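*Asks:* Since chain A is already given, all that's left is putting chain B on it; use the hints.
As they're listed, the protein sequences go chains A and B.
Counting with UniProt numbering, you get residues 1 to 497 for the letters of the first sequence.
Counting with UniProt numbering, you get residues 1 to 497 for the letters of the second sequence.
Certain hints may be false.
[What the hints assert, rightly or not] List of simulated lysine to aspartate or glutamate pairs, EDC-like, C-alpha gap at most 16 Å:
hint, chain 1, residue 1, chain 2, residue 2
1, B, LYS277, A, GLU37
2, B, LYS401, B, GLU108
3, B, LYS12, A, ASP70
4, B, LYS12, A, GLU41
5, A, LYS12, B, GLU108
6, B, LYS277, A, GLU41
7, A, LYS12, B, GLU41
8, A, LYS12, B, GLU37
9, B, LYS11, A, GLU37
10, A, LYS11, B, GLU41
11, A, LYS277, B, GLU41
12, A, LYS172, A, ASP460
13, A, LYS117, A, ASP402
14, A, LYS494, A, GLU436
What the hints contain is simulated information worked out from the structure, not anything from laboratory work.
It should be emphasised that the depicted structure is a prediction, and the values quoted were computed from it without experimental measurement.
Number of protein chains: 2
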Amino acid sequence: MSYADLETLGKKLESIEHAIAILSADEATNMPVGGGEKRAESVSFLYGLRHETATAPEIGDWIAKAESEDLSDDQKLAVREFKRVYTNATCLPADFVVRKSQAEIRSEQLWRDLRAKNDWANFAPALEGVVALAREEAQMRAEVLGLKPYDALMEQFDPGNRVADVAPVLEKLKSFLVDFVPEALDAQEQRYARRPAKSVEGPFPIEKQRELGLSMMQALGFDFTHGRLDVSHHPFCGGVPTDVRMTTRYKTEEFLTALMGVLHETGHALYEQGLPKDLSHMAVGQARGMAMHESQSLFVEQQLAHAPQFWQWAMPIVSQHLGENALKGWEIEDVVAEVNKVERGYIRVDADEVTYPLHIIARFELEQALIGGDLEVVDLPEAWDAKMTQYLGLSTIDNPKDGPMQDVHWPAGAFGYFPSYTLGAMLAAQQWQAIEKARPNVLDEIAKGDFSGVNQWRSDNIWSQGSRYSTPDLIKRATGSTLDPDIFIAHLKKRYG
Amino acid sequence: MSYADLETLGKKLESIEHAIAILSADEATNMPVGGGEKRAESVSFLYGLRHETATAPEIGDWIAKAESEDLSDDQKLAVREFKRVYTNATCLPADFVVRKSQAEIRSEQLWRDLRAKNDWANFAPALEGVVALAREEAQMRAEVLGLKPYDALMEQFDPGNRVADVAPVLEKLKSFLVDFVPEALDAQEQRYARRPAKSVEGPFPIEKQRELGLSMMQALGFDFTHGRLDVSHHPFCGGVPTDVRMTTRYKTEEFLTALMGVLHETGHALYEQGLPKDLSHMAVGQARGMAMHESQSLFVEQQLAHAPQFWQWAMPIVSQHLGENALKGWEIEDVVAEVNKVERGYIRVDADEVTYPLHIIARFELEQALIGGDLEVVDLPEAWDAKMTQYLGLSTIDNPKDGPMQDVHWPAGAFGYFPSYTLGAMLAAQQWQAIEKARPNVLDEIAKGDFSGVNQWRSDNIWSQGSRYSTPDLIKRATGSTLDPDIFIAHLKKRYG
Numbered sequence: 001m002s003y004a005d006l007e008t009l010g011k012k013l014e015s016i017e018h019a020i021a022i023l024s025a026d027e028a029t030n031m032p033v034g035g036g037e038k039r040a041e042s043v044s045f046l047y048g049l050r051h052e053t054a055t056a057p058e059i060g061d062w063i064a065k066a067e068s069e070d071l072s073d074d075q076k077l078a079v080r081e082f083k084r085v086y087t088n089a090t091c092l093p094a095d096f097v098v099r100k101s102q103a104e105i106r107s108e109q110l111w112r113d114l115r116a117k118n119d120w121a122n123f124a125p126a127l128e129g130v131v132a133l134a135r136e137e138a139q140m141r142a143e144v145l146g147l148k149p150y151d152a153l154m155e156q157f158d159p160g161n162r163v164a165d166v167a168p169v170l171e172k173l174k175s176f177l178v179d180f181v182p183e184a185l186d187a188q189e190q191r192y193a194r195r196p197a198k199s200v201e202g203p204f205p206i207e208k209q210r211e212l213g214l215s216m217m218q219a220l221g222f223d224f225t226h227g228r229l230d231v232s233h234h235p236f237c238g239g240v241p242t243d244v245r246m247t248t249r250y251k252t253e254e255f256l257t258a259l260m261g262v263l264h265e266t267g268h269a270l271y272e273q274g275l276p277k278d279l280s281h282m283a284v285g286q287a288r289g290m291a292m293h294e295s296q297s298l299f300v301e302q303q304l305a306h307a308p309q310f311w312q313w314a315m316p317i318v319s320q321h322l323g324e325n326a327l328k329g330w331e332i333e334d335v336v337a338e339v340n341k342v343e344r345g346y347i348r349v350d351a352d353e354v355t356y357p358l359h360i361i362a363r364f365e366l367e368q369a370l371i372g373g374d375l376e377v378v379d380l381p382e383a384w385d386a387k388m389t390q391y392l393g394l395s396t397i398d399n400p401k402d403g404p405m406q407d408v409h410w411p412a413g414a415f416g417y418f419p420s421y422t423l424g425a426m427l428a429a430q431q432w433q434a435i436e437k438a439r440p441n442v443l444d445e446i447a448k449g450d451f452s453g454v455n456q457w458r459s460d461n462i463w464s465q466g467s468r469y470s471t472p473d474l475i476k477r478a479t480g481s482t483l484d485p486d487i488f489i490a491h492l493k494k495r496y497g
Numbered sequence: 001m002s003y004a005d006l007e008t009l010g011k012k013l014e015s016i017e018h019a020i021a022i023l024s025a026d027e028a029t030n031m032p033v034g035g036g037e038k039r040a041e042s043v044s045f046l047y048g049l050r051h052e053t054a055t056a057p058e059i060g061d062w063i064a065k066a067e068s069e070d071l072s073d074d075q076k077l078a079v080r081e082f083k084r085v086y087t088n089a090t091c092l093p094a095d096f097v098v099r100k101s102q103a104e105i106r107s108e109q110l111w112r113d114l115r116a117k118n119d120w121a122n123f124a125p126a127l128e129g130v131v132a133l134a135r136e137e138a139q140m141r142a143e144v145l146g147l148k149p150y151d152a153l154m155e156q157f158d159p160g161n162r163v164a165d166v167a168p169v170l171e172k173l174k175s176f177l178v179d180f181v182p183e184a185l186d187a188q189e190q191r192y193a194r195r196p197a198k199s200v201e202g203p204f205p206i207e208k209q210r211e212l213g214l215s216m217m218q219a220l221g222f223d224f225t226h227g228r229l230d231v232s233h234h235p236f237c238g239g240v241p242t243d244v245r246m247t248t249r250y251k252t253e254e255f256l257t258a259l260m261g262v263l264h265e266t267g268h269a270l271y272e273q274g275l276p277k278d279l280s281h282m283a284v285g286q287a288r289g290m291a292m293h294e295s296q297s298l299f300v301e302q303q304l305a306h307a308p309q310f311w312q313w314a315m316p317i318v319s320q321h322l323g324e325n326a327l328k329g330w331e332i333e334d335v336v337a338e339v340n341k342v343e344r345g346y347i348r349v350d351a352d353e354v355t356y357p358l359h360i361i362a363r364f365e366l367e368q369a370l371i372g373g374d375l376e377v378v379d380l381p382e383a384w385d386a387k388m389t390q391y392l393g394l395s396t397i398d399n400p401k402d403g404p405m406q407d408v409h410w411p412a413g414a415f416g417y418f419p420s421y422t423l424g425a426m427l428a429a430q431q432w433q434a435i436e437k438a439r440p441n442v443l444d445e446i447a448k449g450d451f452s453g454v455n456q457w458r459s460d461n462i463w464s465q466g467s468r469y470s471t472p473d474l475i476k477r478a479t480g481s482t483l484d485p486d487i488f489i490a491h492l493k494k495r496y497g
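Next comes chain A alone, as it looks inside the complex (with noise of 0.2 Å):
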């Protein structure tokens, strides 16, 4: 039978990546630094193993063939996956794979060198190249996808997304938010002048800031047979549903920048660690694309962790682990308004929850733009800076490093993927409205520090259903309805007008 085919050729491809997580985890938090090289070899050749693998010819026949068998509703969704994920693998000429890696790795390279040299026009070239590539990329994908060029750029990371859905949800954001953080800033000032931020003092030790990350785990779901926490440069989720390598990173001075890190990360292994576990070993057994992978990230850490009542549980607990002075005279106001901070900044990865998906939008008008021809590389950074000073009101013209230099995407070729961040963030407050309407007392269920009513719902609607459906699809049998913005908005409004 082809599906038993495909199914032992899912445990090898398993078997392969299981490998490739596990030490690449353990590269960034355990590998002492003379081995990196022959790290690197060995898991570059995993790398191109399991291509060999997954790409093999005789798959598609399995595929057809299996297309045609009697198989379960489920087995069938199965092969759809299967096949998905093999026509997005195998689109593409070998050849012209080995050429865009060659100048992905050059120009991330390049890019680490010139980005700390605020050095744009040495870098320009490289970019040009790449972004040649990716057009060339977005081409050949759509014609065997039969999708828009940018749209099959994006099927890679999220299924079934596309720009014309996905743009009207944006635009609708972005024309809100404009006018939205200057009042958001606003109403923080007035909030600050009542009552004025409260700092902490530390120092407040690795070994107990380590503790009270655990406990929180624990407490959210994480389960510690298989899974742990580790400390690395930049924090992640890695590792397999069976062994989650969650990492963080530690400052004595202050706390709540590793925690909240820990949160999100936490979030990142509930939904792989709820991954269905009998189909570990195929495709429609991963979790459903960056999107909705982000939406359980942010539904921790924004949803559930910004929230009074998460505080109201977790107040007394930071301070069985820190002590009773490391939030000595904060009240449940002044964490919340500290994690919720806004402020309009240059760089993405350290904007707040309402600057954020402005970066993103800029982003994805930008690249689409590249993508579509519109947009030459030579004229980025005067698109990226009017972009910005429309947008936050900051100009980046003389200052690339935190302008179109800041992100590894674009140096490393990843056109399509700058969407799912603030999608993610949308779909988390859409399942967020979805329990509440599900579960009336969430709320006070959060004050208790019971999360077995937001992890049940998550569970039976987002983890078990792993790839079963395309985004637009889960989100919508999750929730009852699309992607819907006006979500999002009521909840940016309710917490920071």
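*Replies:* Relative to the frame of chain A, chain B by itself:
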């Protein structure tokens, strides 16, 4: 060029082995319990891939062609070692390998269960099956390699070691030890009468013990840019030469056991870190077998760290990390007496430098008889008891758990491995004697914590040689003579007489 094909293949094998080594180290040190099943699947897939890759039929052709190519002397040695490994890996039919490995896995699992229950009767049939397969294996290996059956088994662990050479050496050592053990025990009793054994008063915090171990590793030459120290239930030295993963296990009530364990594993680690880097992808660049590896760990543990001069340097370091009270009232003689304590016992892994070889020699004699068909499993308890009674004055007849059931080796099908331990101890003593001749002031160097001289000698003569030579050839090239039991005997007399 076929030599180039062998190098390409070697790089592929190195990448696979890298992945296996790091995944295995991670499993023992970091993996949460629920990660085990998928980890086993991944590592087992990689083992299969390694076997398939290392035994492909075209490799035989490449080797044959490479043998007639115009190669450097070092390349010729590399081809010879490649051929040796390939021949050893391909000399058993695939279906036999599967049958054997299934029987061994079942037998080992049964052993874990029944050893705890001290149940020899129910375990014996499984061991009979394993022995039958080992006899068959030895016969097949012997035919391909042109060796005697037991020699063909030893060849896997210590290339070049033959019963004809090893047996007389161990026979001489046995004759000496059977009389010497009581003498050493008497001498020890007299020393204790003059100077009673000291004890330590804990607790010794694990973090402090860890720092002590790290500082000793550093002084001994461990390169922390290419390795690290972790904790595991069973201490080991794993990983790869560019990323050595060493472990230990701490008890808070005393620190000497963990410290001696760290020193032992550091010996293994130095060997791995000192292997020729440019040959890391070739068999000839690997460590030369189990006995030589054990000689490196025992060199550090027994030759260096059992010597008074070592403690002259090390005692202040212990105090520095664990506090002045850690060895309060101890003098160098007390530490030396403690680490050199001789005691008759049932268990090999708990045995000291003097009694350990008798445990090994008993096994060496018994497993030769088992493989040769001169002893059947049903008669093993009596045969074991007879040897233990004769060599150590201890009867195990009523306690198979601490008799022939104590080690995992036979249940797991490893025959021909045991002699490596004692050959390693003898090789270490022989290397020490050669170093003392070459560096008459070496004990003064050690008293100052200067290990550069002993490391340079071992690097030049052992580590950098990789697997260019057989075990007997390597020790002869390094010390000027083949394995000489009188050196080890003289060492024991001097230290324990």
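*Asks:* Does the structure keep LYS11 (chain B) and GLU37 (chain A) at a Cα separation of 16 Å or less?
*Replies:* holds, 13 Å
*Asks:* LYS11 (chain A) and GLU41 (chain B): Cα distance at most 16 Å?
*Replies:* Holds - the C-alpha atoms of GLU41 (chain B) and LYS11 (chain A) are around 9 Å apart, at most 16 Å.
*Asks:* Assess, step by step, whether the Cα of LYS12 (chain A) is no farther than 16 Å from the Cα of GLU37 (chain B), and give holds or violated.
*Replies:* The hint holds at about 14 Å.
*Asks:* Does the structure keep LYS12 (chain A) and GLU41 (chain B) at a Cα separation of 16 Å or less?
*Replies:* At roughly 9 Å apart (the allowed maximum being 16 Å), GLU41 (chain B) and LYS12 (chain A) satisfy the hint.
*Asks:* Tell me if the straight-line CA distance from LYS277 (chain B) to GLU41 (chain A) falls inside 16 Å.
*Replies:* holds, 15 Å
*Asks:* With the threshold set at 16 Å, check whether the alpha-carbon distance from LYS494 (chain A) to GLU436 (chain A) stays at or below it.
*Replies:* holds, 15 Å
*Asks:* When you check the alpha-carbon spacing of LYS12 (chain A) and GLU108 (chain B), does it fall within 16 Å?
*Replies:* Status violated; Cα separation ~26 Å.
*Asks:* Are the Cα positions of LYS12 (chain B) and ASP70 (chain A) separated by 16 Å at most?
*Replies:* violated, 41 Å
*Asks:* Are the Cα positions of LYS12 (chain B) and GLU41 (chain A) separated by 16 Å at most?
*Replies:* holds, 9 Å
*Asks:* Tell me if the straight-line CA distance from LYS401 (chain B) to GLU108 (chain B) falls inside 16 Å.
*Replies:* Distance of about 14 Å is within 16 Å: holds.
*Asks:* Mind checking the alpha carbons of LYS117 (chain A) and ASP402 (chain A) for me, to see if they're no more than 16 Å apart?
*Replies:* holds, 11 Å
*Asks:* For the pair supplied as a hint, LYS277 (chain A) and GLU41 (chain B), confirm whether the alpha-carbon distance does not exceed 16 Å.
*Replies:* Distance ~15 Å between LYS277 (chain A) and GLU41 (chain B) Cα, so the pair holds.
Hint check: violations occur at hints 3, 5 and 12; the rest are consistent with the structure.
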